[in-house]
Structures are given as C-alpha cells and as structure tokens.
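**Student:** These are the residues of each chain, in order.
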Amino acid sequence: MTATLLFSTRTTGGFVFTTTTTTTTVVRRSLRKSSSSRRHSYGIQKVSRASASSTNTSSGECELVECEANFGEEGGGVKGAKINGKEISASAMRRLTLTNQFNEQVVLPQTENKKDVVVYLRHLG
Amino acid sequence: MSSKRPEIQKLGGDITFISVSPTAEKLRKFLELNPEVPADRVFVDTSKTFEAYKAAGFGNLTDVDKSTKPEMKPPGFSLQDWWKYITNVIALSPIDPNEKLTGPPEGVLRLGGTFVLNGDDIAFAWADAVPGAHPEPEDVVKAARDAWGSASA
Numbered sequence: 001m002t003a004t005l006l007f008s009t010r011t012t013g014g015f016v017f018t019t020t021t022t023t024t025t026v027v028r029r030s031l032r033k034s035s036s037s038r039r040h041s042y043g044i045q046k047v048s049r050a051s052a053s054s055t056n057t058s059s060g061e062c063e064l065v066e067c068e069a070n071f072g073e074e075g076g077g078v079k080g081a082k083i084n085g086k087e088i089s090a091s092a093m094r095r096l097t098l099t100n101q102f103n104e105q106v107v108l109p110q111t112e113n114k115k116d117v118v119v120y121l122r123h124l125g
Numbered sequence: 001m002s003s004k005r006p007e008i009q010k011l012g013g014d015i016t017f018i019s020v021s022p023t024a025e026k027l028r029k030f031l032e033l034n035p036e037v038p039a040d041r042v043f044v045d046t047s048k049t050f051e052a053y054k055a056a057g058f059g060n061l062t063d064v065d066k067s068t069k070p071e072m073k074p075p076g077f078s079l080q081d082w083w084k085y086i087t088n089v090i091a092l093s094p095i096d097p098n099e100k101l102t103g104p105p106e107g108v109l110r111l112g113g114t115f116v117l118n119g120d121d122i123a124f125a126w127a128d129a130v131p132g133a134h135p136e137p138e139d140v141v142k143a144a145r146d147a148w149g150s151a152s153a
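Residue numbers (the working numbering), protein chains in the order written: chain A, 1 to 125; chain B, 1 to 153.
Don't read these hints as lab results, they were simulated from the structure. A few of these clues could be false.
[Stated by the list, open to error] Simulated restraints, written as ranges between beta carbons of each label pair:
#1 B:48 - A:86: 33 to 41 Å
#2 B:49 - A:87: 30 to 38 Å
#3 B:98 - A:105: 16 to 24 Å
#4 A:113 - B:81: 34 to 42 Å
#5 B:86 - A:87: 34 to 42 Å
#6 B:146 - A:97: 40 to 48 Å
#7 A:87 - B:32: 32 to 40 Å
#8 B:142 - A:104: 30 to 38 Å
#9 A:109 - B:100: 29 to 37 Å
#10 A:102 - B:7: 27 to 35 Å
#11 A:95 - B:149: 25 to 33 Å
#12 B:48 - A:107: 14 to 22 Å
#13 B:108 - A:105: 20 to 28 Å
[What the hints assert, rightly or not] List of simulated lysine-lysine pairs, DSBU-like, C-alpha gap at most 35 Å:
#14 B:29 - A:114
#15 A:86 - B:29
#16 A:86 - B:48
#17 A:114 - B:48
#18 A:114 - B:100
Every residue, glycine too, gets a C-beta built ideally from N, C-alpha and C.
Please build the complete structure, drawing on both the sequences and the hints.
**Tutor:** Encoded structure:
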C-alpha cells in the first residue's frame, strides 16, 4: 500500500510542510518536541479526509498544532496541504485570479512544466 | 526570495509573488520603487475579501497566539531603504482611499506564506506565523530541487 506522508517541521518562524511518498501501512505519530533544536516533526497517513479533526494554526504552540496530511490515494494521488484547517490543492491555486500592474485580471501565471513557487507577501508598503 | 529566482529558473521553474493591494496603481508604485522586482511576476489580490489569501488558508495577524514567540527576521534595510520605506509607506499601504476605516484595515493584518508546486502536487508549504517570519529562501530552493528534480528524472 502506498501512502503519502506529510512531514512537518515548525521552526521558530512558521510552519513548513513537505510531502513525500513511501510504502507503509500506517504511520501516525504525535507531535514531538526536540528540545535541542526546537524543531518538530511528524507524519500522518491519510486514512480518510474526515478522519482528523486537526487544525493547523499558524500561530499556535506546536503541541496544539496538527498539520494534516490528506494526500495520496492508493496508486498515487495528488498531494496537498492543510493550513488553518483549510485544504489547499495546487490545482485550486493554479486557478487563482489576480490583478497585474495594468489592472487586468489574470490567472496565476505558471510555467509550462508546472514547476512554480508562489510567494504570498504581506502588503506592499 | 526574489534573489533566488535565477536558481529557481535554473531548475526549470519560476516564482510568482502575490501581495495585498486595493488598486493596481499601488502595485505600479511599488514596482517603480523596486525595479529589481520582476514586474511580470508580481500580482495583487484586489478583492475586498482577500480571496487569494483565503484560498491559501492564511490567517490574520489578529489570529496570532501571543504565547508563541516566532522568530521575526529584520528586513535588512539600509538607511536609504528605510527612507524609501518611510516616504512611501502610505502610498503603498493596503488601504482603499474610498473606504471609511472603522479599525485597522484588514489588508495590513493579512499574513503570507510560500508554496512550491510540482504539477498538481504541493511539495512545500509555509504559513508565516507573524509578519517577517518567512521560510529560509534556501529551504524553498531545496524543496523545489527535491520535488522538481525527481519529477523530471
């Protein structure tokens, strides 16, 4: 069985989630604190989308934060992320409508091979 | 992060920046003040409801749990940068001139984050815990390299 896991680490600044695919049946670990590095990591196998009532708040203590992996159906699925309780998918992000400097509404530009880094800044000033 | 664009491009990808602004005019002003920023890669969410930010799940500064002490990185401004900032902060602020303020404008409170997309996968996601708590640019490049490298193999 192929499961896609989310490995999350929280540095002192924010939360970062990276995904990887592995072959395992069940992986569910609780958030553990590494006192030396102040980094935390865990992985959660997708059981079902509704299986976890976890939330990720970008500001909570690590112990209170659960960042959910809900990615990867058997046979290879799409990997997403869950931020502040909201499931985020790359395909939804690719449909974002934004405004360019010429006041035109445009869809988020993307490279032909769909390798994109999207940085959300705060306000301009 | 914009300084990492050449590395990202070398990996076959590109960067897009999104910000909050009620008007495109403020974006033009920003680009005028920051010519090093690639104008064709910067966009703004002009919606009053911050739809692009909501779509990414990012929160507000008011949601921050004050019991945590996330690391905030200083902007690394020179004296000239600070002057530019102070003299233009109002012109660039996310405040709609036609809107009556009854409290802090929400655009000021919006938090950002960073994603690395690989096709229809999200390979890396970061939510800023507080303003200035960005991911290390090198970590973003590494995530891109890991995701895209394996994808193109």
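**Student:** So, for every hint listed, does it hold in this structure?
**Tutor:** Right, here's what the structure says about each hint:
Judged by the Cβ atoms, the range 33 to 41 Å given for residue 48 (chain B) and residue 86 (chain A) is violated: they are separated by roughly 19 Å. Between residue 49 (chain B) and residue 87 (chain A), the C-beta spacing of about 19 Å breaks the proposed range 30 to 38 Å. With their beta carbons about 19 Å apart, residue 98 (chain B) and residue 105 (chain A) fall inside the hinted range of 16 to 24 Å. As the Cβ distance of residue 113 (chain A) to residue 81 (chain B) is approximately 35 Å, the hint placing it in 34 to 42 Å holds.
Judged by the Cβ atoms, the range 34 to 42 Å given for residue 86 (chain B) and residue 87 (chain A) holds: they are separated by roughly 40 Å. Our hint of 40 to 48 Å for residue 146 (chain B) and residue 97 (chain A) is violated, since their Cβ atoms are close to 30 Å apart. Residue 87 (chain A) and residue 32 (chain B) have their C-beta atoms about 38 Å apart, which keeps the hinted 32 to 40 Å range intact. Taken as a hint, the range 30 to 38 Å holds for the pair residue 142 (chain B) and residue 104 (chain A), whose Cβ atoms sit roughly 34 Å apart.
Separation of residue 109 (chain A) from residue 100 (chain B) is about 35 Å and conforms to the stated range, judged on CB atoms against 29 to 37 Å. Distance hint for residue 102 (chain A) and residue 7 (chain B): a CB-CB separation of about 28 Å, consistent with the stated range 27 to 35 Å. Checked against the hint of 25 to 33 Å, the pair residue 95 (chain A) and residue 149 (chain B) passes, with Cβ atoms roughly 26 Å apart. Between residue 48 (chain B) and residue 107 (chain A) the beta carbon distance is about 20 Å. The supplied range of 14 to 22 Å therefore holds.
Against the hinted window of 20 to 28 Å, the Cβ-Cβ separation of residue 108 (chain B) and residue 105 (chain A) comes to about 24 Å, which satisfies the hint. Between the alpha carbons of residue 29 (chain B) and residue 114 (chain A) the distance comes to roughly 30 Å, so the proposed pair stays at or under 35 Å and holds. Using a Cα cut-off of 35 Å, the hinted pair residue 86 (chain A) and residue 29 (chain B) holds, with the two alpha carbons roughly 33 Å apart. About 20 Å separates the Cα atoms of residue 86 (chain A) and residue 48 (chain B), which keeps this hinted pair within 35 Å; it holds.
Proximity of residue 114 (chain A) to residue 48 (chain B) is assessed by CA-CA distance (about 29 Å); at most 35 Å being required, the pair is judged to hold. Annotation: proposed proximity of residue 114 (chain A) to residue 100 (chain B) is violated, straight-line Cα distance about 41 Å (limit 35 Å).
Consistency with the previously given hints fails for numbers 1, 2, 6, 18, ordered from lowest to highest.
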